Amino acid sequence: MTGTASSQDRYYAGIRMVRYDLVKELVIALVVSAILVLVAAAAFSSPDDPPVTIQSWAQSDPVDFVTTAVSELSGQSETAGYGQPYNNTPGAAQAIGPIQPAVWAGVSTPIDPAQDFVLKPLTLASTGNPTLTAALQAYNQAGATQQGNWLDAYTKALANATASGGQVKVASGDYGPVPTLMSNLLAVARTGGLDGLLLDSGHFYQTDFTRPLLFMGDGSYLSNLAAAQHLTGDQWGMMNETGSYPGQTWLWLYTFWYQIPPFSTAPNADLVVVILMIVLTGLLALVPFIPILRDIPRWVPVHRLIWRRYYRS
Amino acid sequence: MTDRNPAVDSEAGNWTLAIRRWLERQLPLDSLLPHRMPYYVGSWVYVFGVVAIAGLIWIVASGMVLAFFGPQWWHISGVGRFVNSIHFWAVQVFFIFMVLHLWGQYFMASWRDGRAPTWMIGVVIFAVSVVTAFTGYLSQQNFDAQWIAVNAKDATNAAGVGAFFNVLNFGQMYGLHVMIFPILVTTLVALHVIQVRIRGVVKPIDPPGSADGAGEGSK
Numbered sequence: 001m002t003g004t005a006s007s008q009d010r011y012y013a014g015i016r017m018v019r020y021d022l023v024k025e026l027v028i029a030l031v032v033s034a035i036l037v038l039v040a041a042a043a044f045s046s047p048d049d050p051p052v053t054i055q056s057w058a059q060s061d062p063v064d065f066v067t068t069a070v071s072e073l074s075g076q077s078e079t080a081g082y083g084q085p086y087n088n089t090p091g092a093a094q095a096i097g098p099i100q101p102a103v104w105a106g107v108s109t110p111i112d113p114a115q116d117f118v119l120k121p122l123t124l125a126s127t128g129n130p131t132l133t134a135a136l137q138a139y140n141q142a143g144a145t146q147q148g149n150w151l152d153a154y155t156k157a158l159a160n161a162t163a164s165g166g167q168v169k170v171a172s173g174d175y176g177p178v179p180t181l182m183s184n185l186l187a188v189a190r191t192g193g194l195d196g197l198l199l200d201s202g203h204f205y206q207t208d209f210t211r212p213l214l215f216m217g218d219g220s221y222l223s224n225l226a227a228a229q230h231l232t233g234d235q236w237g238m239m240n241e242t243g244s245y246p247g248q249t250w251l252w253l254y255t256f257w258y259q260i261p262p263f264s265t266a267p268n269a270d271l272v273v274v275i276l277m278i279v280l281t282g283l284l285a286l287v288p289f290i291p292i293l294r295d296i297p298r299w300v301p302v303h304r305l306i307w308r309r310y311y312r313s
Numbered sequence: 314m315t316d317r318n319p320a321v322d323s324e325a326g327n328w329t330l331a332i333r334r335w336l337e338r339q340l341p342l343d344s345l346l347p348h349r350m351p352y353y354v355g356s357w358v359y360v361f362g363v364v365a366i367a368g369l370i371w372i373v374a375s376g377m378v379l380a381f382f383g384p385q386w387w388h389i390s391g392v393g394r395f396v397n398s399i400h401f402w403a404v405q406v407f408f409i410f411m412v413l414h415l416w417g418q419y420f421m422a423s424w425r426d427g428r429a430p431t432w433m434i435g436v437v438i439f440a441v442s443v444v445t446a447f448t449g450y451l452s453q454q455n456f457d458a459q460w461i462a463v464n465a466k467d468a469t470n471a472a473g474v475g476a477f478f479n480v481l482n483f484g485q486m487y488g489l490h491v492m493i494f495p496i497l498v499t500t501l502v503a504l505h506v507i508q509v510r511i512r513g514v515v516k517p518i519d520p521p522g523s524a525d526g527a528g529e530g531s532k
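Protein sequence lines correspond, in order, to chains V and D. Letter by letter, the first sequence follows residues 1 to 313 in my numbering. Letter by letter, the second sequence follows residues 314 to 532 in my numbering.
Hints listed in this document are in silico derivations from the structure and should not be mistaken for laboratory results. Hints should not be assumed to be uniformly reliable.
One side of the interface only, derived from the structure: several residues of chain V facing chain D at Cβ under 10 angstroms [claimed, not checked]:
(1) S108
(2) D112
(3) Q115
(4) L119
(5) L213
(6) Q229
(7) D270
Note that the structure is predicted; figures quoted are calculated from it, not measured. For every residue, glycine included, the Cβ atom is placed at its ideal position computed from N, Cα and C.
Excised from the complex, chain V in its bound form (with noise of 0.2 angstroms):
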């Protein structure tokens, strides 16, 4: 006999064996569950929402659209100052005291949300567009304070733009050749053509989707689809699915910190939520060698339960 085989007859000596069919479980176990899984399939299918394209936001909400497009062009959208690993922005990354992981990660992913997500995709749009092209040079040509100039101006009127046949309207005032380039990029993107050109990268096959996801995000139109399906980060958001259906409901632990202060305020909650999930991990896998963690099954007498056939015995 082997040894292991021996050490177990040694750790059961005494203990009455009888006889048991580990296969015979699995089997039933793969049945049972087969049956459950496939009645809940036929019942209840699966969530799938279709995904959101730069072409439906600008149909369904232009104003948000082109408010966001002149973030990016003035460097006031949450991409621009995100810090790493899109861009160097000082002090945009969190931390706590001097662990910066993010700072120390580096830009690994870089991204100019002016250039990326409006000039070069206008600049590529504007083939066969002299008013475009005019627009671009103008705006290429003008000084950074001019820039600016037009683009605060336009960003406080669009406070009261509004929409109609496809077009975002707003009062009259000195933009520059503002108003022409977002109207031509709100064309582009209503034909679907800036979803493409968000995802040019040089190469024929693309499965690289962070820059429209990241100027979708800049926006309000997906985060306000988001919380009227109750997704956002205070509504338990990283737990919740689309529809009636259980999301990740394992990550309610996670969810949970940023629904309670202080993590609910904090400016740096991410990096303290996850650090705090790395350590609760670390002490669960620990259990068995930390006191009063240890002890407790002792003390709760749900092992009598479990075993209660033994302990009447």
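For chain V, the structure is supplied; the task is to place chain D on it using the hints.
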């Protein structure tokens, strides 16, 4: 020239033989597939882990069908949607029973008598499964995947992980979900089951006539 037997010399340095003998010592078939168990293994708690494994088998099976036909298939095919639904609900079954199994083993203090590594690998399986499911949700190519990606980037980026684990990159998340993480989870589950079988199920807490405690120290 020595009088040592050359056949014995070659066996002494044979790595294959050494590994085979080690496996024979550590993993005897009568421990891996026992047909007898202590009589106290008569509780539903012992079923939770097996059902979790059954759920994992259905996840892998349905996932292989989804992977074969490609990530867009289930959005445009009724059959594909049904297979995706099987995948979705199998994941729920897997997690529900894995958590029940975890709590059951906690209240049984199943790490006793030298079983701490088994518990620790179990926690690692849970953590890796969470990340695996997360990459699955990111690979759905629907609104939910978009929103999770836009939100989750802040946590991964803040932790510095976003530099090499870009949740906005569908190709990376899909590759991890259908290849790397399933291999990791199934390998860890296999290791976990082998650990359980090598040592057998733990005795009940404080058996009559013993001073056994719940801590790992009582080996």
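task = Check each numbered hint from earlier against the structure, then list the numbers of those it violates in ascending order.
result = 2, 3 and 4
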